[in-house]
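Undergrad: For the sequence shown, the working numbering begins at 371 and goes up steadily by one.
Wrong hints could be hidden among the right ones.
Calculated lysine to any residue pairs in the SDA-like style (CA-CA distance at most 25 angstroms, straight line) [said to hold, decoys possible]: (1) K499 <-> A480; (2) K450 <-> K483; (3) K547 <-> T518.
The following label-pair restraints were derived from C-beta to C-beta distances [unchecked claim]: (4) H494 <-> K579: 41 to 49 angstroms; (5) Y492 <-> T416: 22 to 30 angstroms; (6) N484 <-> P418: 41 to 49 angstroms; (7) L602 <-> K579: 42 to 50 angstroms; (8) K579 <-> D510: 41 to 49 angstroms; (9) K547 <-> K414: 26 to 34 angstroms; (10) T561 <-> A460: 19 to 27 angstroms; (11) P513 <-> S586: 46 to 54 angstroms; (12) D530 <-> P605: 27 to 35 angstroms; (13) K568 <-> P513: 32 to 40 angstroms; (14) G558 <-> A488: 40 to 48 angstroms; (15) E493 <-> A463: 36 to 44 angstroms.
Rather than coming from a laboratory, the hints here were simulated on the basis of the structure.
As the structure is a computational prediction, the values presented were derived from the model and not from experiment.
Every residue, glycine too, gets a C-beta built ideally from N, C-alpha and C.
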Amino acid sequence: MFANQQGGAMVDAQGKLTIDSDPYRTTLTWLDAVRSEGLGTLAKYTQPTDLQTQDNGTQVFVPWAQWFVFAPQQLLKASKGKWRAMALPAWQAGGPRAGVMGGSSFVIPAKSKNPELAWRLYEHLVFSKEGYTAVYGPNDVYPGGLNTSIPSYLPALDPDTPLFKPIDALGGQDLWKVAVEAGQQVPGGYTIPTWWGKAVDYFGVNVQKLLAGQMSPDEVLKTSATQIQKNLMGPS
371 MFANQQGGAM
381 VDAQGKLTID
391 SDPYRTTLTW
401 LDAVRSEGLG
411 TLAKYTQPTD
421 LQTQDNGTQV
431 FVPWAQWFVF
441 APQQLLKASK
451 GKWRAMALPA
461 WQAGGPRAGV
471 MGGSSFVIPA
481 KSKNPELAWR
491 LYEHLVFSKE
501 GYTAVYGPND
511 VYPGGLNTSI
521 PSYLPALDPD
531 TPLFKPIDAL
541 GGQDLWKVAV
551 EAGQQVPGGY
561 TIPTWWGKAV
571 DYFGVNVQKL
581 LAGQMSPDEV
591 LKTSATQIQK
601 NLMGPS
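Can you build the whole structure from these sequences, using the hints too?
TA: Take a look at the structure:
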């Protein structure tokens with residue numbers, strides 16, 4: 371997310387590995403400073419330590435995708451209603467204040483009996499006003515609407531025409547407006563490789579070593595690049 375915010379990605383548009391680059395180096399250098407200065411909480415996401423430090427005010431800044439909002443709504447207790455969403459701080463003056471965190475997709479199985487019908491359903495839900503309103507608007511499952519993401523279809527993203535309601539767990543904040551305006555700042559041209567999820571075995575593990583003080587930012591990037599190229603991509 372931080373790397374994409376700076377215009378970076380694991381691979382470029384041609385599929386060439388670009389993890390050993392300035393956006394990642396800047397991000398990891400910052401994370402290393404957070405670690406060395408004792409300013410961060412090292413905990414598994416939404417596990418007891420993570421939730422406890424959020425509830426007691428120790429952890430007050432959670433840079434995460436929009437779907438973090440489920441934590442104040444469903445998991446946090448003492449701090450529920452005190453949280454607010456905001457765009458990320460920019461890395462440089464006037465820079466983007468949002469970035470891509472991972473990615474999502476719609477998969478039609480190769481052996482599907484009716485792939486055309488599956489596509490028609492997806493097309494309706496994503497690209498028609500009736501469809502995306504049904505997905506994100508108030509319904510029996512989500513009385514206030516589905517608020518853990520926003521549509522990917524630009525005509526659906528009017529900051530003044532929310533599909534879901536303000537959120538009590540965020541003190542009544544209009545998350546729709548915040549998310550839509552942040553989404554407009556996400557750098558374009560992001561490419562996600564097919565092996566992205568498997569990179570956690572290398573880059574993810576090495577980042578954890580950085581946070582434990584066992585590797586430097588440069589060591590993480592160079593080691594991860596070598597491992598990913600060898601084990602996930604093959605000869606360059």
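Undergrad: Among all the numbered hints in the text so far, which are the ones the structure does not match?
TA: Going through the list in order, the structure violates hints 1, 2, 7, 12, 14 and respects the others.
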